[in-house]
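For the protein sequence lines, the chains are A and B, in the order given. This note's numbering applies: residue 1 is where the first sequence begins, and numbers increase by one. This note's numbering applies: residue 1 is where the second sequence begins, and numbers increase by one.
The set of hints was computed from the structure by calculation and includes no laboratory data. Bear in mind the structure is a predicted one, so any value in this text is a computation, not a measurement. Mixed in with the good hints, there may be bad ones.
Claimed, not checked - Label pairs and their in silico Cβ distance ranges:
no., chain 1, residue 1, chain 2, residue 2, range
1, A, I12, B, Q45, 22 to 30 Å
2, B, V82, A, A38, 45 to 53 Å
3, A, H10, B, K52, 35 to 43 Å
4, A, S65, B, V82, 25 to 33 Å
5, B, V82, A, S27, 29 to 37 Å
Think of the CB as a built atom: it goes at the ideal place given N, C-alpha and C, for glycine as much as any other residue.
Residues per chain, in single letters:
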Amino acid sequence: EAGVTQSPTHLIKTRGQQATLRCSPISGHTSVYWYQQALGLGLQFLLWYDEGEERNRGNFPPRFSGRQFPNYSSELNVNALELEDSALYLCASRPLAGGPQTQYFGPGTRLLVL
Amino acid sequence: GNSVTQMEGPVTLSEEAFLTINCTYTATGYPSLFWYVQYPGEGLQLLLKATKADDKGSNKGFEATYRKETTSFHLEKGSVQVSDSAVYFCALTTHDRGSTLGRLYFGRGTQLTVWP
Numbered sequence: 001e002a003g004v005t006q007s008p009t010h011l012i013k014t015r016g017q018q019a020t021l022r023c024s025p026i027s028g029h030t031s032v033y034w035y036q037q038a039l040g041l042g043l044q045f046l047l048w049y050d051e052g053e054e055r056n057r058g059n060f061p062p063r064f065s066g067r068q069f070p071n072y073s074s075e076l077n078v079n080a081l082e083l084e085d086s087a088l089y090l091c092a093s094r095p096l097a098g099g100p101q102t103q104y105f106g107p108g109t110r111l112l113v114l
Numbered sequence: 001g002n003s004v005t006q007m008e009g010p011v012t013l014s015e016e017a018f019l020t021i022n023c024t025y026t027a028t029g030y031p032s033l034f035w036y037v038q039y040p041g042e043g044l045q046l047l048l049k050a051t052k053a054d055d056k057g058s059n060k061g062f063e064a065t066y067r068k069e070t071t072s073f074h075l076e077k078g079s080v081q082v083s084d085s086a087v088y089f090c091a092l093t094t095h096d097r098g099s100t101l102g103r104l105y106f107g108r109g110t111q112l113t114v115w116p
């Protein structure tokens, strides 16, 4: 069974540009979570998508947005990039809601903003 | 609210030493508890989990017991190896069926370095 995949693995942008990160969950998983791992800040919850809807978001500005497609894959968009957006962005998927199932993480996209 | 407090690192040990990484939590409701590991340059891998009080999670020689009375989930290994060098994250998720369902709350991570 294929795991969670993310693309690209690395992304280099300049301040003010937009970044798009992609995530494909494990087959059969309907929930996708996005986390940011910035240096010195630990893992911060960004967004949760389930059944195509945004269910919850963390304490991030509106320029962080995303969507979930009918096949449950997801996209994270970061507009007007700032230097402090440089981080590892991790996507995780979980089976259909029914309890606190384990989340499975992808390898991440490392975003560098210059 | 929900939060995880994890032992500050870094932790440096010699091979075959005993490892303990402390983790305590606060949670609304009844959490499930996890330890994730992150090897250099990689994403997170689930190491072990426990879903109810007194459960012991174990994997690859690592163990952690869900202690409700002390709200703790300390990670232990009797004899570490160089290959265990990584960052270890304690995390919880709750059974709340609202907007936080399934969301993981992480500790800050503990860097472990094992020398030969």
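*Provide an ascending list of the numbers of those earlier hints which the structure does not satisfy.*
Per hint list: 2, 4 violated.
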